[in-house]
Amino acid sequence: MSISNSLTKLLLFLLGISPITFLHPKFPIKEATIQDLQTAFQQNKLTSKELVQFYLQQIQKLNPTLRAVIEVNPDALKQAEEADRRRAKLNKGHHSSLYKAATSLLDGIPILLKDNIATKDKLNTTAGSYALLGSVVPRDAGVVKRLRKAGAIILGKASLSEWANFRSTAAPGGWCARGGQGQNPYNLSANPCGSSSGSAIAAAANLAAVTLGTETDGSILCPSSTNSVVGFKPTRGLTSRGGVIPITPTQDSVGTVADATYVLDSIVGYDPYDSKATRNARKYIPQGGYAQFLKINGLKGKRLGIVRDPFFDYIKGFPIQDTAFKQHFDTLRGKGAVLVDNIIVPNIEAIMSQNNELTVMLAEFKLSLNSYLKQLIKSPVRSLADVIEFNNKHAQKEMIKEYNQELFIAAEATNGIGPKENEALATLAEWTKDGFEKVMAEHKLDAIITPAYYFSSVLAIGGFPGISVPAGYEKDGVPFGICFGGLKGTEPKLIEIAYGFEQATQIRKPPVL
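Heads up: take any position in the sequence shown, counting from 1, add 499, and you land on my numbering.
Keep in mind that the hints were calculated from the coordinates and are not lab data.
Built from N, CA and C at the ideal position, the CB exists for glycine as well.
Be aware that one or more of the hints could be misleading.
[Said to hold, decoys possible] Using C-beta positions, here's what the derived DEER-type ranges look like: (1) G816 with D933: 30 to 40 angstroms; (2) Q542 with E580: 13 to 23 angstroms; (3) D975 with D574: 39 to 49 angstroms; (4) D812 with G633: 44 to 54 angstroms; (5) D975 with D840: 22 to 32 angstroms; (6) D620 with S870: 20 to 30 angstroms.
Start from the sequences, fold in the hints, and give me the full structure.
Below you can see the structure in the form of structure tokens.
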């Protein structure tokens, strides 16, 4: 699928499910981009209601196996009908130009949201845990408010690694109590990775036109890589975290698992419920939006750094990946990029150990989660201590014996941001300044190249953006990606680079289910 079918389609990875795939008699939904769908709407070849019905059929058919969706919105068809009526009203009397001017490209497009992104509707927001089932949020998350304003249809909630993979280290990627074990559509025995597992699986398996995920450290980049979809983790604060079940304000970000351009244009911006971060990041939003950077020659003149030690050393034992990346480097050069090889990032081993990162995360998680829970209008739990107690009381449902909750317990033992945490924060900031930022400046780089999601911790601790693009498939069919990481606010460059690479390679292929 092309990046016009990926970056131009934030999780619009519509997959062909083989001979029985539903095809609209007037329009082939399979592999359609957001632009394709909007064109079909305008030409009366497709309605939003028919599109939602298609995805609901796909979910009904495939979700019992893939477990990518926790629940669907009972009002999705109603929202689709409203979108169709808006379109008909504006188009009446041949005012199609008026419709295009008055609506967003997301108008009438169904979107799945990761189940830690709050919606003030009939859907639950639970982070995959029974502890929050039945809780009532005070308002839509900031990004959801913007999606609704753009006319998007909230299709449902995608599964995830429970509590965004911060309950324990023992639970497998893609597992949560409410949704069960998410499955990689390319190889059901392979790790789908997390924590935005359901968002990536759903994108890969054609369960929604668009999906949103969140990332603290690798939670978008990893599942995107292992499910062969484009995943975009934006600069911290570019998209609001308001109304998102938190882990750590220092690193949390809302992003996409594909077509980041049109969706980013709809969800970036200031939010009073995440005021400091979104205010600081406003300066990075380009005039004219992000779609303008989908350039076929986007690689020309870009300086890309290759960090071999340790990241490309990780794949030396995987000859398919090793060979693929050698070919990709040739392609990048052939398209005009300048590759700067053997880049060394200072303190990389210390960063990868994640010790200081975890120190901060544990303390901030307790503070942030307690604050989030206290703001709920209704909730079975009001603090992290309550969640721990709930899990102990419902140990079978939450599989406490099997997967534990040691991260919860460690976080509960913290007492706010004290000397230990401040020292860790200062160390992380120093590593960022004297490491990634310094290397980028010294070598005048536009982006760093690494395989899979391995660079995620470097990007996480500094709030930097990264994008994963499909790069190949192992013998067992499991996908792997290439990651381009940049400095804050360099989303335009990353889009140019990723789009140029994707157009040149056309790696993505749909899973066979």
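Hints, verified against the model:
A hinted range of 30 to 40 angstroms holds for the C-beta pair G816 and D933, which are about 31 angstroms apart. At roughly 19 angstroms, the beta-carbon separation of Q542 and E580 lies within the given 13 to 23 angstroms, and the hint holds. Between D975 and D574 the C-beta distance comes to about 40 angstroms, which sits within the given range of 39 to 49 angstroms. Evaluation of the 44 to 54 angstroms hint for D812 and G633 yields a pass: the beta carbon distance comes to about 48 angstroms.
Checking the proposed 22 to 32 angstroms range against D975 and D840 shows it holds: the Cβ atoms sit about 30 angstroms from each other. The beta-carbon spacing between D620 and S870, approximately 23 angstroms, falls within the hinted interval of 20 to 30 angstroms.
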